[in-house]
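A.B. asks: Could you put together the complete structure from these sequences and hints?
Below, each chain spelled out in residue letters.
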Amino acid sequence: MKPAFELDRQAAFDVQRVREDFPILSRTVRGGRPLVYLDNAATTQKPRQVLDALAGYYTGYNANVHRGVHQLSEEATAAYEAGRLAVSRFLNTRDPREIVFTRNATEAVNLVADSFGRLKVRAGDEILVSAMEHHSNIVPWQMLCERTGARLRVLPITDRGELVLDELAGLLTDRTRLLAVTHLSNALGTVNPVHEIVEVAHAHGVAVLVDGAQAAYHMPVDVQAIGCDFYVITGHKLYGPTGIGALYGRLDWLEAMPPYQGGGDMIASVTFEKTTYNAVPAKFEAGTPHIAGVVGLRAAVEYLTALGMERIAAHEHELLAYGTEVLQAVPGLRLIGTARQKASILSFVLDGVHPHDIGTIVDQEGVAIRTGHHCAQPVMQRFGIPATARASLALYNTREELDALARALARVREVFS
Amino acid sequence: MSELSELYQEVILDHNKRPRNFHVPDGANRHVEGFNPLCGDHFTIYLRVEGDLIRDAGFQGAGCAISKASASLMTDSIKGRTLAEADRLFAQFHGMVTAPGDEVPDLDALGKLAVFAGVREFPMRVKCASLAWHALHAAIQQTGESVTTE
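As they're listed, the protein sequences go chains E and H. One rule links them: number in the working numbering = place in the first sequence (from 1) + 24. One rule links them: number in the working numbering = place in the second sequence (from 1) + 127.
A few of these clues could be false.
[Said to hold, decoys possible] Ranges between beta-carbon positions, derived for each pair:
#1 S273(H) to R54(E): 32 to 42 Å
#2 E424(E) to G207(H): 48 to 58 Å
#3 G173(E) to D179(H): 28 to 38 Å
#4 E170(E) to A189(H): 26 to 36 Å
#5 R41(E) to H150(H): 20 to 30 Å
#6 A189(H) to S293(E): 56 to 66 Å
#7 P250(H) to I48(E): 15 to 25 Å
#8 A226(H) to G286(E): 19 to 29 Å
#9 K239(H) to V188(E): 44 to 54 Å
#10 L140(H) to P217(E): 51 to 61 Å
#11 A189(H) to R171(E): 32 to 42 Å
#12 Q365(E) to G207(H): 56 to 66 Å
#13 E170(E) to H150(H): 32 to 42 Å
Hints were generated in silico from the structure; no laboratory data involved. On a predicted model such as this, the values are computed, not experimentally measured, just so you know. All C-beta atoms, glycine included, are put in the ideal place defined by N, C-alpha and C.
C.D. replies: What follows is the structure, given as structure tokens:
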């Protein structure tokens, strides 16, 4: 299938041209100031290509999928399955049936915790998570443990915000059923060596779920190269719509696992005596799916593929280095998360100023950042801080925007002098 | 004056830097914890109540400048008041920080506390300003529960 649009892959990354794809970036905030959007780890802005695809679906071929015999339903079904193929290619899965659409990454984790849990996890078993996980990769496992009598164990992190990999093998016991770890920490920016981690876990017979909610829009992801059993993503961070996410699950697991929710689409036949479930992936997609979301997500991953994930990663890497330099020059600023392998996240605290106050003041300068615990309270506890301020980058950010952040932080210093 | 300098007035910055009553008062006989899970603001308000009179008030904890200054000014302003007066002050303060933009709140009754009037221009910060007050309200009502603002 031909991508909906193509860019010249050889050309240098032209951030000004790319910015023109994002209509929202030309708006102003707080009394006419240009918008400096640095809250991308929360959600990214959407390119025109995605917005057009959404409108195109609703104005051109809106219909329910899979069961209609009329033309609109045929077209909607083809678009929905083309979305699956696009995400499958984006993550390099062996088979498009290994992609299950969900509402978001959180639901994908919950699907695995529920379904894999029922298949594999019993009282006395163990689930291992890391100390840098987002709440969405902690709480579903805690709930699974409560339900089954299994035990949640935690792989610690260092003061730089790196996993203590030396302790990994020791924490993988003959009772460990699954390891859940993030590819890129939303609170620290740490990029974890997921391929190595999977090798160690698999050597102990332990399945691995990788949380790719943050990583997938910053770097090329190849689930076969990583070797993980499950990988979860969310559309709205991938420059796509909210309300759509995806689970990659290795086909043998998805075939063995019981359904997650019951309803239409996930069945082959229903009688009051017995219901036969549909094949993978329909087995995990009960009810009318978010068809428009899938259409938008396809446009998003094709947009990213056309730009080139390597080029996006290189642009953001350069920006991160520049942003690190600029922030370290701010008096009294301390970066939280200084791993050797980092991407896109600049989490920091400022002497004598609470992150919440930082957020309000820089917002008045038109700079949107996030402040708080970033749904990673255990990370905050690990570093002994209540919260951080976090600037997070995306493909459309520029050096000038990081300069604007630094100027806004100087204003914070003035107010609190 | 810009909205920002109305929010971060000198009095507020001063109480943030040098919070008053930042201790557990001797003989404290009521305390309530206030917690804002969103931003991690976390304070405990302590009262020494004799009959229906607040003899002393103090607080402990950590949070942003707005929440800390609010706890500081609140404890200052309720000492020596009756429980009913303090609860009335809670209602007036709450009314001031949540008043719609086109309504001019009655600032006279609030005295020094009127420095928080600028908070209403910052909807995301109303919870910071009112956290200590919600804890006070719970301490007066003796609900026996900690309070959260989310």
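A.B. asks: Take the hints in turn and mark each one as holding or not.
C.D. replies: Hint-by-hint comparison with the structure:
no., hint, verdict
1, S273(H) to R54(E): 32 to 42 Å, "35 Å, holds"
2, E424(E) to G207(H): 48 to 58 Å, "55 Å, holds"
3, G173(E) to D179(H): 28 to 38 Å, "51 Å, violated"
4, E170(E) to A189(H): 26 to 36 Å, "31 Å, holds"
5, R41(E) to H150(H): 20 to 30 Å, "59 Å, violated"
6, A189(H) to S293(E): 56 to 66 Å, "60 Å, holds"
7, P250(H) to I48(E): 15 to 25 Å, "21 Å, holds"
8, A226(H) to G286(E): 19 to 29 Å, "49 Å, violated"
9, K239(H) to V188(E): 44 to 54 Å, "51 Å, holds"
10, L140(H) to P217(E): 51 to 61 Å, "45 Å, violated"
11, A189(H) to R171(E): 32 to 42 Å, "35 Å, holds"
12, Q365(E) to G207(H): 56 to 66 Å, "59 Å, holds"
13, E170(E) to H150(H): 32 to 42 Å, "40 Å, holds"
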